[in-house]
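Quick mapping for you: the protein sequence lines, in order, are chains V and A.
Going by our numbering, the first sequence wraps up at 573, each residue one higher than the last.
Going by our numbering, the second sequence wraps up at 573, each residue one higher than the last.
No lab work stands behind these hints: they were computed from the structure.
Remember, predicted model here, so these are calculated numbers, not experimental data.
We put the CB at the ideal spot given by N, CA and C, even for glycine.
Hints may contain errors.
Below are the DSS-like pairs computed for lysine-lysine, each with C-alpha atoms no more than 25 Å apart in a straight line [stated by the list, open to error]:
id: 1; chain 1: A; residue 1: K334; chain 2: A; residue 2: K371
id: 2; chain 1: A; residue 1: K387; chain 2: V; residue 2: K371
id: 3; chain 1: V; residue 1: K513; chain 2: A; residue 2: K547
Partial pick of chain V residues on the chain A-facing surface, computed with a CB cut under 8 Å [what the hints assert, rightly or not]:
id: 4; residue: R396
id: 5; residue: V465
id: 6; residue: S469
id: 7; residue: I471
id: 8; residue: D475
id: 9; residue: K561
id: 10; residue: M565
There are 2 protein chains.
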Amino acid sequence: MVYRKTRAPYVQKTDRDQKLRIIVLGGLEEVGRNMTLLEYGQDIIIIDMGLQFPEEDMPGIDYIIPNISYLKGKERNIRGVIITHGHYDHIGAIPHLMPKIGNPIIYTAKLSAGIIQKRQEEYKNAPKLKFYIIDETSKLHLGAFNVEFFRVNHNVPDSFAVVAKTPVGTIVHTGDFKIDHNPINDKPADLGRIAKVGSEGVLALMADSTDAEDEGYQISETVVSDELERIFEKAPGRIIIGTFASLLNRVQQAISIAEKFNRKVIIEGRSMKTNVEIAHKLGYMKIKPGTLLEIDHYNQKDYPDNKIVILGSGAQGEQNAFLVRFAEDEHKYLSVKSHDTIIFSSSVIPGNERTVQNLKDTLARKGAKIIHYKLMDVHAGGHAKQEDLKLMLRLIKPTCYIPIEANHYMLQINAEIAEGLGIPKENIFVADDGQVIEFTKKGGRLTDERVPADYVMVDGLGVGDVSNIVLRDRRVMSADGMLVVIATIEYKTGRLIGNPDIISRGFVYMKENKKLIEATRMKVKKICEDHDPKSPAFDDFIKNKIRDDIGQYLYQQTKRRPMILPVVIKV
Amino acid sequence: MVYRKTRAPYVQKTDRDQKLRIIVLGGLEEVGRNMTLLEYGQDIIIIDMGLQFPEEDMPGIDYIIPNISYLKGKERNIRGVIITHGHYDHIGAIPHLMPKIGNPIIYTAKLSAGIIQKRQEEYKNAPKLKFYIIDETSKLHLGAFNVEFFRVNHNVPDSFAVVAKTPVGTIVHTGDFKIDHNPINDKPADLGRIAKVGSEGVLALMADSTDAEDEGYQISETVVSDELERIFEKAPGRIIIGTFASLLNRVQQAISIAEKFNRKVIIEGRSMKTNVEIAHKLGYMKIKPGTLLEIDHYNQKDYPDNKIVILGSGAQGEQNAFLVRFAEDEHKYLSVKSHDTIIFSSSVIPGNERTVQNLKDTLARKGAKIIHYKLMDVHAGGHAKQEDLKLMLRLIKPTCYIPIEANHYMLQINAEIAEGLGIPKENIFVADDGQVIEFTKKGGRLTDERVPADYVMVDGLGVGDVSNIVLRDRRVMSADGMLVVIATIEYKTGRLIGNPDIISRGFVYMKENKKLIEATRMKVKKICEDHDPKSPAFDDFIKNKIRDDIGQYLYQQTKRRPMILPVVIKV
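Only chain V is shown next, with the shape it has when bound in the complex (with noise of 0.2 Å):
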């Protein structure tokens, strides 16, 4: 205790107590990553904790985290984690971060806390976590904030916008939204509520940026419903519908339809199971009794295969999801039938084109009827379009506005929006990953001040330990592979044993390349008995110097410019 004591920042009132300070750490430069701190003297509150995927320069890691050295010593300020929907880009740190802060409860709705709780088992060093379940009439006190909820939209049920009202004023943050007003298995956002926030004022908004780029409105859930009913009353055979495990809505309009045609339905995929289940059992999905039926009792002489619905994942091409098992032949029941009409519920993450095209291909080579969402509308995002973000603007009427959660091109479109609705421009606040946005009961200010947001990357069990120098290796192994000369030297004569040794990978292939590798051995054998290796520095000067030798002669012969990586061994 007294270790805390001593190390707990703002024990003294100073000035910094009369301002609200919000700190986006994750979430202001890209897509995922969702993490903001709202701190008002010794209390913060974070709402949201979520995980990035890796851009395409860093090969091998798994996601990116959160970095919360801010945090560091700040432990027991944290009031709480408020956590606004069960989407991995919301939740995926959990299991890293929630020990190094303390594990402080957490505030979320039913569904979110079990897709949560479902997650953390597979982390068997993480602590068990303290859940506090809200909904739209919860009231939380949370040190200085208070704080309560508004449902909103998204593509997962229980979906929460955060209320806090703090001391200089309320901060509405939206999380994931969309506005739906015939959503499936779903409230509609609640507008009335939404409204009477803001007549209560609202000193800053923080609104989704995801889709800003995109004008008109979402599309709603129901008009993707009507969609695939159209497609269900057509289809002759088997009806596969591929999406996000975490598309809960999706899966229950898939369910649902497939009950009033009489197909029987088959989840497939081990994340779209678990998601179903949990759901299920917490009352949040109506499956008629004898609807689902499990893969290993599906006999196809008692089901035709126009009786038949495979829910599946995969419709990014991720690998060893099932779509892309089942187009390749590798799953163990199912293959392509030249009937299936394949359904790609789904828009395609950026990245994923080509490895999707290819999924495409393969399922289209076997006859298979392939739908996909620029096709027809059998897909709706879950992020506010254009007319959607002025909606939400309208209701809450903020005095402050701040673009979150996503690029940071589409904060400024979004930053646009709210200042074609008369939001004067030096209220809205386009800011970085860890920059300080402060406010009193006057108004707000971006601040110079920045926290560290630096990337924490996860790579197996390693948590941030994965730095540019190993990813920069990971890099150059990758475009022009590696190769290791080692030469073994007498000590005492200073003579080199036999012919240096050569390993090499990805650089060419070794079997047809044997004049090249033995020509740079010779080259590594004239450096070593050009030099005295009891010379100062032999060691370091003779590496060196075959790393440059051998770079310069392999590019010369190759063009190519793998890793050297010489080896002296002194015997």
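Starting from the known structure of chain V, arrange chain A on it as the hints suggest.
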């Protein structure tokens, strides 16, 4: 000569001589690598010879070229190489393949020849090419083939479709095409002549499927010009236009509009400069004297920002391209200003989305206004959409249809379009690369014969020398790095000399993982000491043991799987 004669395959008249064989070596399973053979008896003509950009799982590969194993021994049958237009996916394999097929005459339009010639200069060992310049009036007699051309639109001038009159009937190959009634710097596609070709009877039409997924008509370049003019009217400062170096029609548009608005034009990026020079010299570009400004003559005092247009490459975020260097403040003369208007006048190639997003973020962060083709019509594609394909089909009225130039899935959609217009399914051939399509006067059929069409990868100076093993090694090292274990053993005594050496890159940061490395070293030591180096097959045994045990140990410790390379040195 004798040598050639003995290797020529079809000296005797056989049944095969009576058939036309169409073999597409590249472009039926991908966008790019376009190359088609028409073979009748001892006569072969080649249409296009392009490259394909590498797939994501081919790290380090520069590009892929068509596999021409089938032409081995048939070199003297080749009557000519026809190039439809001057884009790399149609010309890029020329420097590599022409020397291997006896450097036959290239039949192509003037501008295409200029571009091919220029690229050839980059390959020092490539032979001097022989050109025969064609236009819409040309009539070639190439062995059994009488070849004519008709003009189509694309986004480079001088794009032609090929009309090959063969002994069994006429084959039309569209090349890349769209139909633009109001093109810029180009004549409209010659619908009258296309109709005439159609009225004379066409056995098979081979047509561009690149945009077959898209409904409607491709937008006209005039629409793009109108939109650009609107932007020019309002832009307060400099206008920077990023596009492909090869989209010469777009470059012309930008220059003409700049002239209209009295702006000087700076062209940046080596390949764009080169292309403009070639096109200008050959009379394909209209540029008033004094319009172009060399960057080193650009004195910012003499030219106010609203009198400047900068045209450059890099709209795909290509490393080292102008727009990227400009955004990153790495350009020698230019940096982003807050009143710049930056136009991304090109579509985003699948796979580049995230890179382009990062580029936009960087530019937006510096206050520039960004306009891209999703927001406004500042780009028109170069390929036929569904209605354009229908128009071509109606005019050509072919008996048979062969979708080309895209992934399998797009070929199928293109096939469905033709089917919808009444071409019987059995006359539509959706083939794979290398699959032989056979025609007699009575009609065609897709055969089971397949000639080699697998990837030939170009990596530096190596052509086709990067095997799957090399690529697999690159992928493994890219994901989890590698670890070299060197055990030095005294042969006489079987004693391990010193401790094993361990070198690792891309796996963990060595300095921060000394314990792990030390534990690994001790495990290797134990493995070596437990086995007698004089036992038979000791080397292989010990290497496998190290690979397996250390691999497993490191996976347990880190959940990463670096490549393990054991080396045993006996002294």
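**OP:** Identify whether the interface hint at V:I471 stands, where standing means a beta carbon of chain A within less than 8 Å of its own.
**Re:** This interface hint holds because 6 Å falls under the 8 Å limit.
Subject >> chain A contact restraint for V:R396 - C-beta distance below 8 Å >> reply: violated, 23 Å
Subject >> Given pair status - V:K371, A:K387, alpha carbons within 25 Å >> reply: holds, 20 Å
Original post:
If you take the shortest Cβ to Cβ gap from V:V465 to chain A, is it below 8 Å?
Top reply: For V:V465, the interface hint is violated, since the closest Cβ of chain A sits about 11 Å away, which is over 8 Å.
Original post:
Is V:K513 within 25 Å of A:K547, Cα to Cα?
Top reply: holds, 24 Å
Original post:
Between A:K334 and A:K371, does the CA-CA distance stay at or below 25 Å?
Top reply: holds, 22 Å
Original post:
Taking 8 Å as the limit, does the beta-carbon of V:K561 come near enough to a beta-carbon in chain A?
Top reply: Hint holds; V:K561 Cβ to chain A Cβ min 3 Å, cut 8 Å.
Subject >> Interface hint for V:D475, Cβ within 8 Å of any Cβ on chain A >> reply: Given a least distance of 4 Å, the restraint on V:D475 holds.
Subject >> Hint check: 8 Å Cβ-Cβ cutoff, V:M565 to chain A >> reply: holds, 7 Å
**OP:** May I ask you to test the interface hint for V:S469 with respect to chain A, counting a Cβ-Cβ separation under 8 Å as satisfied?
**Re:** It holds, given that the least Cβ distance between V:S469 and chain A is near 5 Å, below 8 Å.
When held up to the earlier numbered hints, the structure conflicts with 4 and 5 and fits the remainder.
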